[in-house]
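S.K.: Using the hints, position chain B against chain A.
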Amino acid sequence: MATSMTETFTAAEPVDLLSKFDPIIQTRETLLAAGVEDPFNLVMEQVLSPTRAICNGRDTILLGTYNYMGMTFDPDVIEAGQKAMQEFGAGTTGSRVLNGTFRDHRDVETALREFYDMDHAMVFSTGYQANLGIISTLAGKGDYIILDIDSHASIYDGCAMGKAEVVPFKHNDVEALEKRLKRIPEGAGKLVVLEGVYSMMGDVAPLKEMVRIAKENGAMVLVDEAHSMGFIGEHGRGVAEEQGVLDDVDFIIGTFSKSVGTVGGFCVSNHPKFEVLRLVCRPYVFTAALPPSVMASSAVSIRKLMQGSNKRAHLWENSRTLHKGLRDLGFKLGTETPQSAIIAVIMPDLERGAMMWEALLKEGLYVNLARPPATPAGMTLLRCSLCAEHTAEQVTTILGMFERAGKAIGII
Amino acid sequence: MTASEVDERIRTLIEPFNKKGVDIEDSTTFAGDLEFDSLTVMDFVAEIEDEFDVIISMNQQAEIENWGQLVAAVHKLQDS
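For the record, the sequence lines run as chains A and B. In terms of the working numbering, the first sequence is residues 1 to 412. In terms of the working numbering, the second sequence is residues 1001 to 1080.
Here chain A stands alone, though its shape is the one from the complex (with noise of 0.2 Å):
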């Protein structure tokens, strides 16, 4: 009967929705038809600290992940999940509004509060959904968001999500903000977006001036640290904090999965009604909350850097000698100045760029291969990000392995 049934019908010509990523499949067959590792495509079978992982079956030294404080393998923290795993049990079930909000989701907005010295804290499942959150609830039709061209994909995709009218400027360009900002209709709400730091180059906003011009100009301002929390600013609080300009921030979005080394995303705020956002926020309200065990660790975790100015300073040590080592080696930066925990290394190509990726990673390093979209001018980038973990004689290896690979390649 079956057979019959199906006979009857009469296939139409079926359109296939994936054939419209049939380009990016050809550059990723290309890729791998020339012999390179896939660099999307990397297992690490067991992470051995902060800074070592067994990669492909390879020991290899960490230089590309967002484990700026090494706080992944930190014995409190790990122990603070472990007991909440057992007290609370191993996952929430719940939105926040509803059944999941636990003990340990309200500790740690309290322990945010106290890091940024803010009324408000509000916690997501990760930055990319604080973003996505903030950004859409903030501004609706008829509104203007004005952002940085380089903005990380999550603050567009809540643009989107919003329908904001939305208007980009060149890269940290403070004329080009206010141009814009000058040029929009009297009396519409008007939303700034901008980041600390820039995580494909690793470069920093000029936030005094940016922030200075959205409050002249009426605008509401909201600044992503993902990227500065913990080691930039005076309590490691970001940019801004660096700059002077926190109090004048509306809106700060930070993430848990860099230098807090768990997962979640955040939004703190001086704003009176901001509570409000728990009800009207979408992706707040429709996801479920993150379990409990990550909640614990992530408050010790935000608790302890708070008191990490020693691991800081190695920190950003390990950033200057690394830049310095690769400008004397002969490779072209994102930055002229060591600025973050990032730096990028400008590849000529796509090709060599992975060819110099899979070559490292064969000397026992790993990097993160970055390409457009995600970058910016359609760069290829080998962007390294330091770790407070990682030892003066790591840094050392380090520079050898980009050396040699360099040469092997043909880049230096």
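Worth flagging that the hints you see were computed from the coordinates, not collected in a lab. Predicted model, so just to flag it, every value in this text is computed and none were measured. Please note that a few of the clues may not be correct.
Chain A side only, calculated, beta carbon under 7 Å to chain B, not exhaustive [what the hints assert, rightly or not]:
1. 149
2. 165
3. 166
4. 167
5. 183
6. 377
Label pairs and their calculated CB-CB ranges [what the hints assert, rightly or not]:
7. A:244 to B:1011: 45 to 53 Å
8. B:1037 to A:141: 23 to 31 Å
9. A:15 to B:1053: 38 to 46 Å
10. B:1053 to A:89: 40 to 48 Å
The C-beta atom is built at its ideal place from N, Cα and C for all residues, glycine as well.
M.R.: Relative to chain A, chain B alone:
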């Protein structure tokens, strides 16, 4: 400013971006015929915005595929 005056001024602005010297008609597309990538679009849009003192949001840019649409949009924007 009339639509033809707008057309003329944008034609001057596009010259440095039109590297292959493509003949521009109303139906000339930016992504296809002129092969503009996102960075070129940003720089070109910024030039127009500064010249006419207007904002062309990304939402509006998404609706503009060819030259005729661009001229019409800028003409409308600088009128309002």
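S.K.: Against this structure, judge whether each hint is valid.
M.R.: These are the hints, each one checked on the structure:
no., hint, result
1, 149, "6 Å, holds"
2, 165, "4 Å, holds"
3, 166, "4 Å, holds"
4, 167, "5 Å, holds"
5, 183, "5 Å, holds"
6, 377, "6 Å, holds"
7, A:244 to B:1011: 45 to 53 Å, "46 Å, holds"
8, B:1037 to A:141: 23 to 31 Å, "29 Å, holds"
9, A:15 to B:1053: 38 to 46 Å, "44 Å, holds"
10, B:1053 to A:89: 40 to 48 Å, "60 Å, violated"
In summary, the one numbered hint that this structure violates is 10.
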